[in-house]
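From just these sequences and the hints, can you work out the full model?
Protein chains in written order, with our numbering: chain V, 2 to 212; chain X, 2 to 212; chain D, 2 to 212; chain R, 2 to 212.
It should be emphasised that the hints constitute simulated quantities derived from the structure, not laboratory data. One thing to keep in mind: the hints can contain errors.
Among chain D residues calculated to face chain V with C-beta under 8 Å, some are [unchecked claim]:
#, residue
1, Asp-8
2, Leu-129
3, Ala-134
4, Thr-138
5, Arg-192
6, Ala-202
7, Thr-209
If you want a taste of the chain X side facing chain V, the calculated C-beta under 7 Å gives, among others [said to hold, decoys possible]:
#, residue
8, Leu-148
9, Ala-149
10, Asn-150
Note that the coordinates shown come from a computational prediction; the quantities given were computed from them, not determined experimentally. For every residue, glycine included, the Cβ atom is placed at its ideal position computed from N, Cα and C.
4 protein chains.
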Amino acid sequence: MQTLPYDPSRLAQCAAEIVAATRELAALGWTPATSSNFSLRLDDRHAAITVSGRDKGRLGADDVMVVDFQGQPVATAHRPSAETLLHTQLYARFPEVGCVLHTHSRVQTVASRLFAGRGHVRLEGYELLKAFAGNQTHEMAIDVPVLANTQDMPALAAQVETLLDAQCLWGYLIDGHGLYAWGRDMAQARRHLDAFEFLFACELDLRTLRQ
Amino acid sequence: MQTLPYDPSRLAQCAAEIVAATRELAALGWTPATSSNFSLRLDDRHAAITVSGRDKGRLGADDVMVVDFQGQPVATAHRPSAETLLHTQLYARFPEVGCVLHTHSRVQTVASRLFAGRGHVRLEGYELLKAFAGNQTHEMAIDVPVLANTQDMPALAAQVETLLDAQCLWGYLIDGHGLYAWGRDMAQARRHLDAFEFLFACELDLRTLRQ
Amino acid sequence: MQTLPYDPSRLAQCAAEIVAATRELAALGWTPATSSNFSLRLDDRHAAITVSGRDKGRLGADDVMVVDFQGQPVATAHRPSAETLLHTQLYARFPEVGCVLHTHSRVQTVASRLFAGRGHVRLEGYELLKAFAGNQTHEMAIDVPVLANTQDMPALAAQVETLLDAQCLWGYLIDGHGLYAWGRDMAQARRHLDAFEFLFACELDLRTLRQ
Amino acid sequence: MQTLPYDPSRLAQCAAEIVAATRELAALGWTPATSSNFSLRLDDRHAAITVSGRDKGRLGADDVMVVDFQGQPVATAHRPSAETLLHTQLYARFPEVGCVLHTHSRVQTVASRLFAGRGHVRLEGYELLKAFAGNQTHEMAIDVPVLANTQDMPALAAQVETLLDAQCLWGYLIDGHGLYAWGRDMAQARRHLDAFEFLFACELDLRTLRQ
Numbered sequence: 002m003q004t005l006p007y008d009p010s011r012l013a014q015c016a017a018e019i020v021a022a023t024r025e026l027a028a029l030g031w032t033p034a035t036s037s038n039f040s041l042r043l044d045d046r047h048a049a050i051t052v053s054g055r056d057k058g059r060l061g062a063d064d065v066m067v068v069d070f071q072g073q074p075v076a077t078a079h080r081p082s083a084e085t086l087l088h089t090q091l092y093a094r095f096p097e098v099g100c101v102l103h104t105h106s107r108v109q110t111v112a113s114r115l116f117a118g119r120g121h122v123r124l125e126g127y128e129l130l131k132a133f134a135g136n137q138t139h140e141m142a143i144d145v146p147v148l149a150n151t152q153d154m155p156a157l158a159a160q161v162e163t164l165l166d167a168q169c170l171w172g173y174l175i176d177g178h179g180l181y182a183w184g185r186d187m188a189q190a191r192r193h194l195d196a197f198e199f200l201f202a203c204e205l206d207l208r209t210l211r212q
Numbered sequence: 002m003q004t005l006p007y008d009p010s011r012l013a014q015c016a017a018e019i020v021a022a023t024r025e026l027a028a029l030g031w032t033p034a035t036s037s038n039f040s041l042r043l044d045d046r047h048a049a050i051t052v053s054g055r056d057k058g059r060l061g062a063d064d065v066m067v068v069d070f071q072g073q074p075v076a077t078a079h080r081p082s083a084e085t086l087l088h089t090q091l092y093a094r095f096p097e098v099g100c101v102l103h104t105h106s107r108v109q110t111v112a113s114r115l116f117a118g119r120g121h122v123r124l125e126g127y128e129l130l131k132a133f134a135g136n137q138t139h140e141m142a143i144d145v146p147v148l149a150n151t152q153d154m155p156a157l158a159a160q161v162e163t164l165l166d167a168q169c170l171w172g173y174l175i176d177g178h179g180l181y182a183w184g185r186d187m188a189q190a191r192r193h194l195d196a197f198e199f200l201f202a203c204e205l206d207l208r209t210l211r212q
Numbered sequence: 002m003q004t005l006p007y008d009p010s011r012l013a014q015c016a017a018e019i020v021a022a023t024r025e026l027a028a029l030g031w032t033p034a035t036s037s038n039f040s041l042r043l044d045d046r047h048a049a050i051t052v053s054g055r056d057k058g059r060l061g062a063d064d065v066m067v068v069d070f071q072g073q074p075v076a077t078a079h080r081p082s083a084e085t086l087l088h089t090q091l092y093a094r095f096p097e098v099g100c101v102l103h104t105h106s107r108v109q110t111v112a113s114r115l116f117a118g119r120g121h122v123r124l125e126g127y128e129l130l131k132a133f134a135g136n137q138t139h140e141m142a143i144d145v146p147v148l149a150n151t152q153d154m155p156a157l158a159a160q161v162e163t164l165l166d167a168q169c170l171w172g173y174l175i176d177g178h179g180l181y182a183w184g185r186d187m188a189q190a191r192r193h194l195d196a197f198e199f200l201f202a203c204e205l206d207l208r209t210l211r212q
Numbered sequence: 002m003q004t005l006p007y008d009p010s011r012l013a014q015c016a017a018e019i020v021a022a023t024r025e026l027a028a029l030g031w032t033p034a035t036s037s038n039f040s041l042r043l044d045d046r047h048a049a050i051t052v053s054g055r056d057k058g059r060l061g062a063d064d065v066m067v068v069d070f071q072g073q074p075v076a077t078a079h080r081p082s083a084e085t086l087l088h089t090q091l092y093a094r095f096p097e098v099g100c101v102l103h104t105h106s107r108v109q110t111v112a113s114r115l116f117a118g119r120g121h122v123r124l125e126g127y128e129l130l131k132a133f134a135g136n137q138t139h140e141m142a143i144d145v146p147v148l149a150n151t152q153d154m155p156a157l158a159a160q161v162e163t164l165l166d167a168q169c170l171w172g173y174l175i176d177g178h179g180l181y182a183w184g185r186d187m188a189q190a191r192r193h194l195d196a197f198e199f200l201f202a203c204e205l206d207l208r209t210l211r212q
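This is how it looks when you write it as structure tokens:
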């Protein structure tokens with residue numbers, strides 16, 4: 002008898018989409034050593050998210066679980082990642098957010114450490130700034146926040162809420178850790194993720210070249 | 002009843018060639034976040050060009066449209082990219098140009114920003130300069146122009162016309178944006194694109210190493 | 002008549018697992034020019050290990066041999082690598098070690114030379130430190146030893162024993178040579194290997210960027 | 002009627018081996034913009050070599066031709082590359098040389114320009130020096146010559162002869178151009194090529210890191 006509080010066919014579809022994207026991101030080297038987490042909104046109370054600690058290059062549909070927007074597991078014995086709350090707070094706050102991607106690329110990690118003291122990475126004057134939803138020109142700057150890392154997820158989530166109160170964001174870095182990026186759906190979240198990775202890489206290169 | 006002002010079988014052939022090349026360039030990471038545009042000459046009044054805003058790693062034949070040499074869409078509801086004019090001005094001016102490739106690699110973007118102040122990137126003494134059509138020796142230098150970026154495409158196209166009046170060019174950079182390269186056909190345009198990417202990368206490496 | 006001192010079906014299984022992992026690591030460029038060696042524990046007296054000098058991108062099951070924990074070949078005409086002893090000393094000492102991976106990536110080699118004078122690479126404050134078995138937080142530092150290179154394997158093995166007496170280790174570098182990393186099984190050893198590679202790469206980038 | 006001065010079945014075998022290796026090297030990005038040439042010894046008077054100017058990522062068996070040891074085409078209308086003489090001089094001089102590989106990687110090109118003034122790249126103390134045939138230890142140094150580039154191939158070949166008179170070589174660089182590496186057969190030549198690429202890359206990284 003079906004008593005699941007979510008639509009299992011919607012879960013199957015989300016899981017397939019998450020598995021495909023995860024394998025692509027793993028192949029790029031952005032999920033080293035079983036790190037990183039990916040999620041999609043299931044409905045207005047649930048999200049599908051990768052199970053903690055799996056090798057992201059070998060992910061299967063069974064490695065995707067359901068959580069509610071408080072980050073608690075739903076109808077599963079799987080343990081969600083400690084970082085699940087950083088995904089679900091976005092779904093809870095923004096009805097238009099459909100996908101959250103958290104990666105650990107070398108460029109993201111290095112940028113986070115280099116700019117942690119300043120508290121943000123400034124991205125300015127790049128054509129690719131138009132990749133972020135709503136932007137129409139390169140003649141602008143955005144400051145991507147760099148948060149201090151902590152193992153206290155509620156504290157980190159509270160800092161993110163404060164940031165979200167203050168500005169429009171497409172993503173943020175955590176120092177020595179990685180990037181959170183999101184969007185309306187997987188395609189838009191991927192576009193934002195790709196744009197952040199590319200622009201951080203350019204900033205690192207230019208900093209080396211201009212020393 | 003067939004009333005198309007171009008040969009649809011020629012379009013099908015061009016679309017297949019564009020899709021194949023686009024997927025290769027996407028796999029190299031030169032088209033981040035749905036950026037970049039690729040085109041082939043259809044005939045003496047039309048070009049086939051990628052539709053704006055698609056993920057270049059997942060491009061299909063339906064993502065290629067027809068424009069005239071003023072950059073206007075022909076027999077299609079698709080919206081051409083704002084940058085279409087930078088493709089079609091080359092077809093209109095040079096009957097021998099058959100292919101235009103516009104990419105956004107990390108190396109191209111970083112080189113454009115680093116050398117924007119000087120207005121060009123000098124490439125000198127490399128064997129690979131022989132990859133540019135007409136060159137027979139490495140004992141030469143070429144200055145690849147770096148144009149300021151603008152969202153005003155007619156203004157940008159006018160600056161390109163002025164450059165083309167003054168010198169033989171195989172391509173140019175736009176600051177913070179990317180590279181335009183062209184050739185007789187896809188193979189030659191790819192050879193020029195590959196040579197620019199390689200030589201810009203060498204110049205960036207040497208600049209870091211010689212600091 | 003079966004007189005092998007090990008279980009041949011267990012060997013077949015280990016060989017398949019080694020071949021799969023080796024090809025993945027070769028594709029990453031971490032085994033240049035026939036270098037590198039990979040092994041799995043067969044039982045409490047034997048290990049399966051790659052034969053010396055093969056191209057790791059073309060490895061087959063026949064390129065995996067059996068050695069005892071003194072590094073001597075068992076029931077085979079194959080010659081083990083000179084470095085076999087550095088694998089088997091770990092199996093002999095730690096019953097819980099099931100897999101040893103030795104690679105020669107560019108990042109590992111450069112890090113080993115850069116930090117040889119100091120005798121270790123310090124990794125501190127990274128979220129990915131949690132990838133090493135037993136770690137629960139990023140708020141820590143580990144010092145990965147860098148040993149001087151020598152062609153005298155018993156001497157090198159003795160130095161490793163001294164290190165292992167003094168501290169908990171997941172791996173070590175040899176100057177100008179490469180990395181040894183290990184774990185409970187292939188998955189854990191790979192996780193440790195990936196984490197070392199990633200963190201060394203970040204350290205090298207940050208050192209360049211902070212000059 | 003068979004009047005070919007070489008064994009056509011041996012040519013077919015060599016062409017297949019060259020095509021396979023060429024595609025692998027192209028996939029690594031070491032043959033940008035139709036550059037690079039690869040050859041195998043056919044017999045004591047002939048070599049099989051890639052035709053000039055082809056895209057190395059799309060090479061087929063028809064893109065391999067036969068030349069004699071003076072670099073002249075044999076029983077073919079194909080034009081050999083101008084650099085053919087740099088291949089055949091090695092086959093003519095050393096009966097034990099069976100394969101010559103000429104690539105243009107970014108690392109090779111940058112190293113050649115950086116060290117052209119000094120006339121060589123010194124490689125010292127690396128374990129991977131043992132990849133060069135005959136070496137038994139890392140406790141040594143080799144100086145890889147960097148020749149000035151010229152379009153005058155007989156002059157370049159004469160300089161190479163002078164180098165070969167003076168020392169044991171596994172390869173040399175040409176400034177702004179690329180690397181020649183060779184060996185007994187394809188496997189050994191590839192091992193030498195891979196070792197040069199890896200060691201040059203380490204030297205460039207260390208130079209940047211130690212600035």
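We went through each hint and held it up to the structure:
Interface restraint check: Asp-8 (chain D) against chain V, minimum CB-CB distance 26 Å, threshold 8 Å, status violated. About 6 Å separates the beta-carbon of Leu-129 (chain D) from the nearest beta-carbon of chain V, less than 8 Å, and the hint is met. For Ala-134 (chain D), the shortest C-beta to C-beta distance to chain V is roughly 11 Å, which exceeds 8 Å, and the interface hint is violated. Checking Thr-138 (chain D) against chain V: minimum C-beta separation of about 5 Å stays under 8 Å; hint holds.
Below 8 Å, beta-carbon pairs count as interface contacts, and Arg-192 (chain D) has one with chain V at about 5 Å; its hint therefore holds. Nearest Cβ of chain V to the Cβ of Ala-202 (chain D): about 5 Å, under the 8 Å cut. The hint holds. Given the 8 Å rule on beta carbons, the hint for Thr-209 (chain D) holds: about 6 Å separates it from the nearest Cβ of chain V. Interface hint status for Leu-148 (chain X): violated, as the beta-carbon distance to the closest one in chain V is roughly 12 Å, over 7 Å.
Taking 7 Å as the C-beta cut-off, the interface hint given for Ala-149 (chain X) is violated, the closest approach to chain V being about 10 Å. Annotation: Asn-150 (chain X) was flagged as interfacial toward chain V, and the flag holds, the nearest CB pair being 6 Å apart, inside 7 Å.
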